[in-house]
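Q: As a plain string of letters, each chain reads:
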Amino acid sequence: MIPALLTLLMCQLAGEAAARALALPLPGPVLGMVLLLAGFAVFPRLVDVVRPVAQGILGHLSLLFVPAGVGVVGHLGLLGQSGLPILLALLVSTVLAIAVGALTFAAVARWTGNTP
Amino acid sequence: MSDFTEIWSYLSQGPLLWLTATLAAYALGDAAFRAAGRRPFVNPVLVAVVLLGVVLWATATPYATYFEGAQFVHFLLGPATVALALPLWDNLAHVRRAALPIAAALLAGSATAVVSALGIAWAFGIRGEVLISLAPKSATAPVALGISDAIGGSPTLTAVLVILTGITGAIVATPLLNLLGLTDWRARGFAVGVAAHGIGTARAFQVNPLAGAFAGLGMGLNAVLTAFLAPALLRLFL
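For the protein sequence lines, the chains are A and B, in the order given.
Mapping to this note's numbering: the first sequence position 91 is 427, numbers consecutive.
Mapping to this note's numbering: the second sequence position 167 is 158, numbers consecutive.
In case anyone wonders, no lab produced these hints; they're calculated from the structure.
Errors might be hidden in some of the hints.
If the Cβ cut is set under 7 Å, some of the chain A residues that face chain B in the computed set are [what the hints assert, rightly or not]:
| hint | residue |
| --- | --- |
| 1 | Leu358 |
| 2 | Gly413 |
| 3 | Val431 |
| 4 | Val436 |
| 5 | Ala442 |
This one's a predicted model, so the numbers in the text were calculated from it and none came from an experiment.
Here a beta-carbon is modelled for each residue, glycine too, at the ideal position from N, C-alpha and C.
Full structure from sequences and hints, please.
A: In structure tokens, the structure reads:
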């Protein structure tokens, strides 16, 4: 468990450092994900080291958004008078983005003969 | 023996109580989700957030006090994002073969999210800081806040909009994609990751591991693309 945690934290740390140092428009953890993927390619044994802990964390990914979500409750007032139009914009744009994204994926996959 | 108020005032100031409360609220949310036959509208994040919101309001607890305890859970978002490399690695063959559909869906989904949100808000007369804060709402929170700050929005408002977008995406995705008759788990997961970042990705993992892997990929790629698209597309509305 410790080697797995250490691997995840070191990738995140390296990602944060690189994002700052190179002023990249990317969060450190996303860069850390890329680094870990590169690590898997170079040292395939790393996959089995990380697997149990990574699966444990990802199995409850929803839980990790609860603290930030609670923060939102206190800030709903920020929406103020524009609350309703904003919520409508969020709902419609999220529905459209999911639909357009998924339909585009499926259409291009079909044209290029790329089935799962 | 100390009376109840004394014990309460001691416990409510430390991290233990609110860390426990966070896990308990999530356990209840997850139980409700399962009891409802894993239906998407009983979203465990939403249930836990509403429960905790009511408790904090009823006990007049400031968010800062709550966060002292909850930060241990919040911190794990970073390592969890790094851990998304594992499902990606497991499905690398799928990802390599689907490079074209991935690129097309990323561009289409990301641009649709930004333009439609700005267009609808603009049509309702919303301008200025509120409109700007809306532009990066489909990107993962740390990226969205950075973009919002850079283009003249309010990062706090953007944080609210990002979380609401994620919960919306997690709730509407399954019924919407079923309605569209899409059965390709790659397409379903990827679109949800692009439109609804980590909360959408968490939902995708609940449904199917391949969808989860593609959602994580969509979230990561859209974080990069939104940093370029949001400021450019915003100019159309200013």
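Q: All hints, please: hold or fail.
A: Outcome of the hint check:
1. Leu358: This interface hint is violated because 13 Å lies over the 7 Å limit.
2. Gly413: At 10 Å from the nearest chain B Cβ, Gly413/A fails the 7 Å test, so the hint is violated.
3. Val431: Val431/A check passes; min Cβ-Cβ to chain B is 6 Å, inside 7 Å.
4. Val436: holds (4 Å)
5. Ala442: holds (5 Å)
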